[in-house]
Structure formats: C-alpha cells, structure tokens
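So the sequence lines, in the order shown, correspond to chains Y and U. Under the numbering used here, residues 1 to 545 are what the first sequence spells out, in order. Under the numbering used here, residues 546 to 1084 are what the second sequence spells out, in order.
Just so you know, these hints were derived from the structure itself, not from any lab. Even for Gly, the Cβ is constructed at its ideal location relative to N, Cα and C. Worth double-checking, as some hints may not be accurate.
[Claimed, not checked] Short derived list, chain U residues pointing at chain Y, Cβ under 10 Å:
| no. | residue |
| --- | --- |
| 1 | A736 |
| 2 | S900 |
| 3 | S902 |
| 4 | H949 |
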Amino acid sequence: MSASGSALRPGPLDRRLVAMAKRPRLAYVVALLSCLVQLATQVGIAMALAHAFSQLLASGALGEQTSLLIEVALLFGLSLLAQVVMVRALGQVSRQAMETLNNEVLSQFSNGVEPSRERAGGLAIALTSGLTPLEGYFSKYLPALVQAVLTPLVLLTVVLVLDPLAALLLAIGLAALPLITARVARRANASAAKQWRALYALSARYSELLHGLTTLRLFNATSRAEREVDEATTSYTNATMAALRLAFQSSLAAEFTTGVSVGLTAMVIGFQLMAGTVSAASAFTILLVAAEIYAPLRRTSSEFHNAASGRAAAETLLQLIDQEREAPLHSITFDQTAKTVTMVKAAVGLPGEATTLPLSARLSAGEVLVIVGDSGTGKSTLLGALATSLGAAATLVSQRVDVFSATVAENLVLDGRAVSADELEAACQATGFSAVIEQLSHGQETLIGDGGVSLSAGELRKLALTRALLSKRPIVLLDEPTANLDAASVAHLNAALPVALSQSIVIMTAHGRDTVLAPTFTHDLGGVVGGTVDGVLRGNIGGAE
Amino acid sequence: MTTLANLAQLHSRSSPPRRVLVAATLSTTLGGLAQLMLMASLGYLLAWSAARPTLGVIAGILTLVELLAFFRAPLRYLDRLRSHAVAFAALRSWRLWLFRRLIPLSPGGLGTTKTGDVLATAMSDVDGLGDLYIKVLLPILGSIVPFGLGVALIGWVNVWAAVIVVVVCITGLAFIWTSTSRGAQLMADVASAQGQRAGVLLDALQGAATLTAANGWDRPLKQSAALEQRVKELSRARELQLSLRMSVVAVLSATVMLAALFAVGSPSSHLDPRLFIALLTMTVALSELVGAAATALGGLDGVLASWSRLQTLAGLEPATRSGDLGLQPGPLELQAQSIALAYRGALAPAFCDLSFSLKRGTHTVITGPSGSGKTSVLVGLLGLWPLTSGQVFVNNVDLVDLDHHELRGAVGTHLAQSTLFSGTVRSNLEMTGASEEQMSETLEAVGLRPGHEFLNRVLFEQGRGLSGGEQLRVSVVRALLGGKSAVFIDEPVAQLDETSAGLVMLAISQFAQGRTIVTVSHERLGHVGDSEVRLSSLR
C-alpha cells in the first residue's frame, strides 16, 4: 500500500466518495424530506409535552389527557415512519456507492493495472468486509451531516422566538462544538488509516500463512506462525483501540460541551421563570429541544469515527483506481501486418538489482528465439517484461502456473471465448494434457485449484501449455516449458509442439541447450548476471542479416 | 434454547477476564443510573423553580445537575473503553483459536472451502464476535439495575403503570428474541456470500498477472458481481427486518413514556407535582434505556451468524490424527508395506500397493511419470494425509501410533507445495534453527550467493523477489538445515540448469550423509541414489 499521496481530501465531505453513488438524487430528496418531517415532529412533541407540564404545574393535575396522548402517539409514529423511510433510501445509496467503488477497482485490473506487490489477502478483505464500515458513511454519517446543518437552524429559530437569551447561549455552545471535535477528527483520520493498515497487514499475513500451512506443519513452525498471528492481531487491536479512544474522547468533549451549554441555558431559564419574563410552557419547550439541538452534531462526529476505517479502506482502493497502467517498453513492438516482433535494446531491470539485459532482435512467424542462461540470470524477468509490453499479442507460460478455482475447461480458456471441441482436443493432444483430463473424475468439468482437485507440477505445466496454444496469439512466450516434465512427456512435446507452433513467433527460455523447439536464434545470458551485456543477435535491426 | 446454549458456549470459550467484565458492567450500570438521575433532577428542579423561586435552592439543584452531567460523560467514556477492551481481549483469543483449528486441516482438509472464504471468516466473522460484549451483553447487563430502579419508581406512584411497562417490555423483547434466529440466518447468508466473494477475489488476485495477460478477468468479475447482487438482495431483506424491529423498539419506548404519563395523570396518586414531573422526565431516560436494550438484543443475530460460520469452519475434521508414541533419536528407518493413498473426493488413488524400505544412511530415489503420485508418497510418509491401506513402520513403530509432530521434526522436507514466506531469505531459513554460518555454507553449496546480502534479500508473498530456481534452492536448503535425521526432497532439480542441478544433488548427498535421504524425481539423474522406487502412472 503506497502511503504517498492521499486520494481523499480532508474535510467533512468526501466529494469523490459521494460521487460514487450514481443515481442518488431521488434518494437524497426522500432522505431530506424525512429529515424535515422528523424535525417537525420533534418540535411538535416537545411543545405538546411542555403544554401538559405547565398545565400540570398550574392546576396540580392533568386535564383532558386523551387528546394529548393521541397527539404525541401520532407524532411519534410519524417520526418513526420518516426514520424508516430515510434508512431505506440511504441504504440504497450506500449499496450503489460501494458497488461503483468495487467495479471501478476491479475494472482497473482488467485494464491491465496489476496489484503489484499489493498483498492479495489484504486487497480481498478491502474489497469485501473492509468496505463494510463505509456503508455507515452513506447511511448514517451523511444524513447526520445534513441534520447537523438543518436541525440546529430550525430548533434555534424556535428557541429564538421563545427566548432570545437562551438561543444566544445555545448558539455559543453550538459554535464551540465543531471547533472541539474537528481537532479530534483530523487526528482520527490518521488513526483510522493506521488501524486500516494494521487490518490490511493482518489479513495479508493470515492469508499467506493459510497458503503456507503445509510448509509450516512440515517444519513444526506453527507455533511461530501462531505468534505472528498473535502479534499482527495485537497491533491491529492496539491501533483499533487508539482510534476508538480518540473517537470516545471526541464524544466525551462533545458531551461536556453539550452538558455545560444545556446546563447554563437551564439556569438562565430558571432565573427568567423566577423573574416571570418567560412562561412555564416556553421554558419547558426550550429545555426539551435544547439537547436535541446538539444531538445531530454529536451524532455526526461519532458516525464520522465509525465510518473512518471504511473510509481508509476506500482510500486504498481509490489509490488503486488512480494508479496508471505500467507503460509498455517502447523498445519492443509488434507489427500486426508484417507479423514481426522488433526489439531494440530492450532493457529490463531485475527486482532489487540495477542490472539490465539489453537485447535486440527481429522475429517473424515460425521463428524461435531461445534465451539460455543459468538460473537467476534474469530469463524469466525478461520474458515477463516482453509479455507486459506485447500485451494481447502475446501469451506467456511462466514458471509459476496460476490455476484458478474453476473447471478445467474454464482454466484452459481464461477469457471465456467459445472454443470448439475439436480445437480444444487438438491443443490438449499436442501438450499431452488430454491424458491428464481423462483421469479426472469429471473430465473437463472437474473443479481444480483452490477448493478443488490439485494437480501436480508436471500436470500444471501441461495445462499452461494448452492454455497458451488455445489463446491463438501470434507470439508465444515460454519460460522453461519442459521443467517438471518426465522424459515421455518431453518426447511427446518434442514431436507435437513444433507443429502446433509452426505459425507462431516463439520466444522461450531454457537452461540447457536442449530445447523442445529448434532455435532460429539463441541468446546466451551466460552464467553471471548481465554477463553478455552486448548480446546483439543475428537478425539485427535494419534487416542486416 | 439453542441460542442460549450457543451464547453460553461462545462466552465460555472467549472467557474475557472476569475483573474487566465486572468493571465494564459496573460502569455501564453507573452510566445508566446517572442518566436517570440527571433527567429526574432536571425535572424536579424545573418544577421547584416554577413553584418556589428561591435563588439558593435553584443554584444548589443546578449545581447538582451540572455535576451529574459531568459525572455521566466520563462514565460513558470509561464504559465504552472497557467494553471494547473486553471484546478485543476475546477477539485475540478467537483469532488464534481459529488458526490453531486450521493448522491440521492442511493439506486438503478444507474440502471445497476457498482460502478467501476462510480468510473472511478469520477477519470479519471473528470481528463480529466482539459485538457479543460491545453491542449485546454489556449494554443489557448494564441496563438491568437502572431499568429496575426506573420501574420501581413508576410503581411507587402507580403499580399498574409499572405492570404495563414491564409487560410491554417483555413482549417486545420476546418478539426481538424470536426473530433473532431468522436474522442470524440472513446475516450468515450475507457473510457467506461475502466470504465466497472474498474467495473468488483472492483466487483472482493471486493470479492477477495471468488473468490480465489472458484477458481473463471477465469470469471472476462476473462471479463477484453475481455474489454482490446476492449480498444486495439479502441486505434488502435484512433492512426490512431491521425496520420492523426498529418500529417495535420505538413502540416499546413510546409505551414506556405513555405509561408514565398515565401514572402521573391517574386520580389515585396524591404526590407532590414536583415529584411527578421528576418521574416524568426520568421516563424519557427510561424509554431511551429500553430502546437501547432492545437494540442490543437485536445485535445478537450478528453475533450468532458469525458464530455459526466459525463453527462450520472449526467443525471440519482434520484428515489425519496423530498418535502419541515418541520417536527414538537417531537415524530413521522406514518400511512401507503395500501402501495406498487417495485424497478426499478423488476417484482414483494417488498411488497404490507400494512397498519399499528406506534404510538408514541410504539415498532412495522415487521416480515415475508426471501424475503418478510421487509427491503423495512423501505426503503419506509424513502423516500429512492418511493412508487408505497398508502400513508404514518408522523405526519399527506403526506410523498411525507415532507422534507426527515429532516425526516431522526429525525430517527436513521440501515438497512441491512448499512455499517461502514474505520476509527475508534469513527469516525463511530461521525456522530450521540453524546458525548463520550453516545457512551461508549450505546456500553456497547449492550455488547461491552466501553472505549477508543474500540472506537479507527481501521476499514478497510466496517467495516472489527470487527467481523460480532460486526459490527452489532456498526451499531445498531449508530442508537440509537443522541437522534432521532424514531428508525428503521433492523434485530438487526440475527447474534448474545442469550446473546448478549437479550442485544441488551434490549438496544433498553431502549434507545428508549418514541420514536417510529420499528424493523424488520424474527421472533418475545419472546414478544418484542407492536404490530406486519406481511408480507407474495410475491415473
């Protein structure tokens, strides 16, 4: 997770997040109306109760109470209805927003932005439960924010009409409240980001350990892993507690301010009652609405804190959305019409090392470039860079075969194209994968990968080769295609692959001179990293053959 | 009362420190009481000041109210902090417990459950359990005394009003209680759909490069979208349920308030009107309290949903059970008598009817074509998966009776599914307990650069950051280190150039001298090894 640059600007309202809800207008209008209805009922209930109180004080007993009961009950019911309507309308908004965020992130991947070094477990959690607190951002924080603006305005006006002095006192408290909570909110954002990072790290670690459980068992290293889980959990707990402490401090401060302000108002009203400048009914009304003036602002603050970790998760995802696709190497080009690949000193940096491997070549259909070199000389890195640059023109069979939790057929044709049975059969025959399929319980429909049947290393290699053949791409990049294969399988490939790939441009790596395809060109990376730096090939640029 | 039984089990397993729990309950109770008293005093003060406007009395009572307000805020602060501390202490033990339950499930014991789903359970479902204390137990426990006091005060004025309050509250809470099982089911369905989505996403993210290159994001994205749609539909149903519940809660609080009005208005009461008003204002707090308790009870379904997901996962049976006989020290000797092994759900066995013996100080090579079950032989010998027939004797003790933990402690292993972990090369080798000199020496022997620089190389998940050949060799080195009695190595040279392959084989025979060595390979390399066990393709 890159810490640089913040995708969300600080402030009470994140425009980018709000914009994620695509069709919110109707929902917002409904929510706003419900909010107003709630306000009106609040004032109504307060006035009705205050009237009853003052009557009680004056006469020592309540008069006709049926109408009062009915009135209060009706208002209460109305307020409840408004609340339910608002929750439902905003629930829709929050779901819409989360869906947009999810889709934008995921479409980044299909557009070729790789979650490079992003830890998969953390990201999977970010896209699922990590975002859940963000639901509260839309369904609770945003309405509270609106109420925090509307409610004090309306209620203060009511108080102003009844008693200007009390209104002034309440207004002062109201002005002080955001000053106090905003300071905490700024720190809370940093704290929530820290909390989210801890959860992200915990998820990533947990997921990695889950993948490596067998290794851990083999080395009796499970207690060490338990310790790691414990440590990651502890630091997540500490970060969460730190964030919560801030949130609680913020509400503590808000509660103090409210308490002092309401208390002072009560005192002033008491004196005015004594002096007879205010009626008992007005006094009660003011007291009953006074606390309500602050309630939405306090709720805003607490909901802000509740949603903060979801906001931090969203920030991680937004950074991913902002991330741009890695620029392809301009030194490697594929000419569609001439069907040739041209490389001009394609230089590739190895991870963690500054060494580059310059390589120039021009290849056309049917030609095979074999890159030889010892383990660790950067063959795979070079192929990986070629695959990135050539994009949809090339297909890569890498050393680590990624198999997905799906059927064999789905794993063979990852892009879901319609592939005829003959085509599939031919490709499987060529790689020898058909023999593997025959022995699976449900043939091509057998579930493999995570949660399914696991294949051996050699079987995976054959699957990857079949996948490459079926992709029908003009350039085929093979990283040690015969690793993990037995002699019979290699012999089979020796016979079948040259036929199957006769119309393709093949760039492959091999650590020995024995290759399944007869090389047109060979490029030796040597035994030392960057050893043959000046490896310019036959078939040079400019057609100098 | 399965719900109660579940809760009791949940609580006894999480066993938060009693002292902390009591302290949290106490501060919640005090917070509730303070709220009641605050409202009552406020009402009394107002009534008083209206009836007898004496400056001194007003000032005194106002000070009292202010004090209560000040008292209440820190109480709430402490109460919230305490309840979260209780929950997090419990969560920590839960996450560890789940991890411990998962360990024996590997490899293959998770059945069709995807890793991402397990991860989602370990993260969000475990987090959901914390609500047992934060949202359910402590709010309910803390509201008992204030509620009792409030009802008693109302009953003092009018017994029938108190009876109404109690009856209505019990009915309402009973309604919420009966709806928890449906709520729990709904939430468990939501969590399960989210878990499956995490499974799809994690699976796709781990092969992101392959998917991007093959234009293959469509399928996982569609699956994710379908699951998201399901989450949406379920959430809508859940929202409807919550709306209904919210209405019940609101009716509850309203009834409490109206009952109090009824009590005050009844002609039988001859109390001081100031006390009436004090009681009346107090009922505002009381109805809030009832509402909060009802909401707390509603939080139960989330906890129950998390618990059911956790139980499902923890209820999976590990494939193998270890015996408890110890292993004699010294070199290992193994005899396998017509052994066979089949994985759960597989039609054909991985291998069958295999007999061989591994003598101390010898190097045995297991060979066979791809898919003939070579790796599975090692899996079976190490007790990672049970044999379906036949017997293995390790130093003349049946493998079934042997403590597998001890057996694996005596064997250095590299399997095809062995992984390196993120960290450094050193952190990956440290689990063998070898010294830095030994690490360097062995790394050099297999043709890797020795010394600090390589040991400090930063690795990403699953060893990314090293080339395939380097990862393999580091894993082999990890198997060789630690002075084990035996060394089992699966395909040590499959991805290596000839020079490196030669070095690795030499290193194995050199470092494993006097120990029992098994290497697995699809072809016998020259004349490596003293004996060969050949598997034929079964599949």
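Evaluation of the provided hints:
no.: 1; hint: A736; in the structure: holds, 9 Å
no.: 2; hint: S900; in the structure: violated, 22 Å
no.: 3; hint: S902; in the structure: violated, 22 Å
no.: 4; hint: H949; in the structure: holds, 9 Å
Consistency with the previously given hints fails for numbers 2 and 3, ordered from lowest to highest.
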